[in-house]
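There are 2 protein chains.
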Amino acid sequence: MYTPEAFKIDDEAMIHTFIKANSFATLIATIDNRLEVTHLPIDRLQDGRYYGHLSRDNPLSTIKRGAEVCVVFTGPHAYISPNMYASEFNVPTWNYSAVHCYGRVEYMEDEVEVWERFHGVVGRYEGEEGWQLPDEEKFQALSEYIRFFEFKIDTIEAKFKFNQNKSDEDIQSVIGSLRDVGNAKAADFMEQVTGKRHLRE
Amino acid sequence: MYTPEAFKIDDEAMIHTFIKANSFATLIATIDNRLEVTHLPIDRLQDGRYYGHLSRDNPLSTIKRGAEVCVVFTGPHAYISPNMYASEFNVPTWNYSAVHCYGRVEYMEDEVEVWERFHGVVGRYEGEEGWQLPDEEKFQALSEYIRFFEFKIDTIEAKFKFNQNKSDEDIQSVIGSLRDVGNAKAADFMEQVTGKRHLRE
Chain A
1 MYTPEAFKID DEAMIHTFIK ANSFATLIAT IDNRLEVTHL PIDRLQDGRY
51 YGHLSRDNPL STIKRGAEVC VVFTGPHAYI SPNMYASEFN VPTWNYSAVH
101 CYGRVEYMED EVEVWERFHG VVGRYEGEEG WQLPDEEKFQ ALSEYIRFFE
151 FKIDTIEAKF KFNQNKSDED IQSVIGSLRD VGNAKAADFM EQVTGKRHLR
201 E
Chain B
202 MYTPEAFKID DEAMIHTFIK ANSFATLIAT IDNRLEVTHL PIDRLQDGRY
252 YGHLSRDNPL STIKRGAEVC VVFTGPHAYI SPNMYASEFN VPTWNYSAVH
302 CYGRVEYMED EVEVWERFHG VVGRYEGEEG WQLPDEEKFQ ALSEYIRFFE
352 FKIDTIEAKF KFNQNKSDED IQSVIGSLRD VGNAKAADFM EQVTGKRHLR
402 E
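Protein chains in written order, with my numbering: chain A, 1 to 201; chain B, 202 to 402.
Keep in mind the hints are simulated off the structure, nothing from the lab.
Keep in mind it's a predicted model, so treat the numbers as computed, not measured.
Don't take every hint at face value.
[Stated by the list, open to error] DEER-style ranges, computed between Cβ atoms:
#1 B:Ala-207 <-> A:Leu-142: 49 to 59 Å
#2 A:Gln-192 <-> B:Ala-222: 23 to 33 Å
#3 A:Thr-155 <-> B:Thr-263: 36 to 46 Å
#4 A:Glu-169 <-> B:Ala-222: 47 to 57 Å
[Said to hold, decoys possible] Covered by chain B, according to a simulated footprint, are these stretches of chain A (three or more residues, beta-carbon under 8 Å):
#5 78–86
#6 96–104
For glycine and all other residues, C-beta sits at the position ideal for the given N, C-alpha and C.
All chains should be modelled from the sequences, with the hints used to inform the complete structure.
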C-alpha cells in the first residue's frame, strides 16, 4: 500500500486494537487467475494469530495452501474539504484508515481446536451475557458446510491517513469540522491518531 | 463473490444508489505477481461510467491497460446474534452489503476531460454551497502528481445479505435488535432491502 511516512503505523498495539475494532474484513486471493474477494469477520488473538471461517460453497474456501492472500481491515474515513482546514490553499482529500495483512492460509482440521476458536470468536461478539453456543454435537454438522482457517500473516502494512502532515491548527480545525458534519467516528479516531485528544479535555 | 440467490441484487438503480452512497472504494489488482490494494473515492456517473484518481507514487497507478481490476464498494454491516431472531435455532452470522465491479483501467490523458471529471467529483462531495475549484491553471500542476482513470467495468456482482431468507417475524426482530444496539445504518438498510420499511410507518 502506498504510504507516505507521516501516515505509516508501526505500533503493534495500535494495529491490534484497530483490527479488533474493525474485525469485519475483506479477504482477497487469486483463484484460477481471477481476483476473488469476500467479506468475513476475522478474529485476531492477543498473540497475533488470525482465524476465520467460510462456507464451503465460497470459492475462497478453496484457496491453495501457500497461495498469497491479503486480508484488509478498514476503519473510520471521511471526505476532507479544503474548507475544513484553518489554512488556505489545501486540496480535497480523503482521510482513512486501513491495515493490509499479507500471508497464507492454513486449513484447520483438528476438531478440538476448531471448536475452541469458534467458541472464542462467538464469545467475543456476544459478550458474557449473550447467546451461548449449544452443545458441541448440535453444531458438529456445521463443519460439513464450513471451512475453518488460520491466516499465517507475514507482512502487515498499516496506514492511518489523518492529516498528520499538517499543522496543529489545521488538525484541530479538521477534527472540529468532522464533528460538525456528524462524523464522530472519524473525528474521534483522528484525535487518537494525531494525539490531539488532550487539547479538547 | 459467493452469493446465494436470496442475497443477489440485479436491480441497476439499487446498485447505482448503493455505489453513490458508499463511494469510498477498495481497488485491487495484481502487479508484478503481488496483490495490490488501495482505497480511493470512485465516482459513478448516472450513465454507469466510473472515474477515480491516484497519486503517481501509488503502485496501482501503474496498472497495465487491460489488466483485470476489481473495485469493491462496501456498505452497512452488522454482527447478527441468534438472540436477535424471533425464532429459535439460528446460528451467528454477519449481515453485510458489497458490490464487486470487475473490469479494466483506461488512463485519461485529455486535459479537458480530466478537468471536467475532477470538477464533477469535487462538486458532488462539496455540494452547491461548498468549496470551489480555483482557476484551472492553479491546479494544472496537480496532474504532474496524479493519474486519472476511467474504470471500464464488465461485470458487477452485488450482494446485500440481510436475512432475506428468513420469516417476516425474524426480519422485523433483527431490524429492531439492530436499532437496540445502536446500528441505525444497518437497520435502515435492512428495512430497504427486505421491503419492510412500510411496516414501521
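Consistency of the hints with the structure:
1. B:Ala-207 <-> A:Leu-142: 49 to 59 Å: violated (19 Å)
2. A:Gln-192 <-> B:Ala-222: 23 to 33 Å: With a Cβ separation near 27 Å, Gln-192 (chain A) and Ala-222 (chain B) satisfy 23 to 33 Å, so the hint holds.
3. A:Thr-155 <-> B:Thr-263: 36 to 46 Å: With Cβ atoms ~20 Å apart, the hint is violated.
4. A:Glu-169 <-> B:Ala-222: 47 to 57 Å: 32 Å Cβ-Cβ, so the 47 to 57 Å window is violated.
5. 78–86: Check passed, 4 qualifying residues.
6. 96–104: With 4 residues in contact (Cβ-Cβ under 8 Å with chain B), the coverage given for the region 96–104 of chain A holds.
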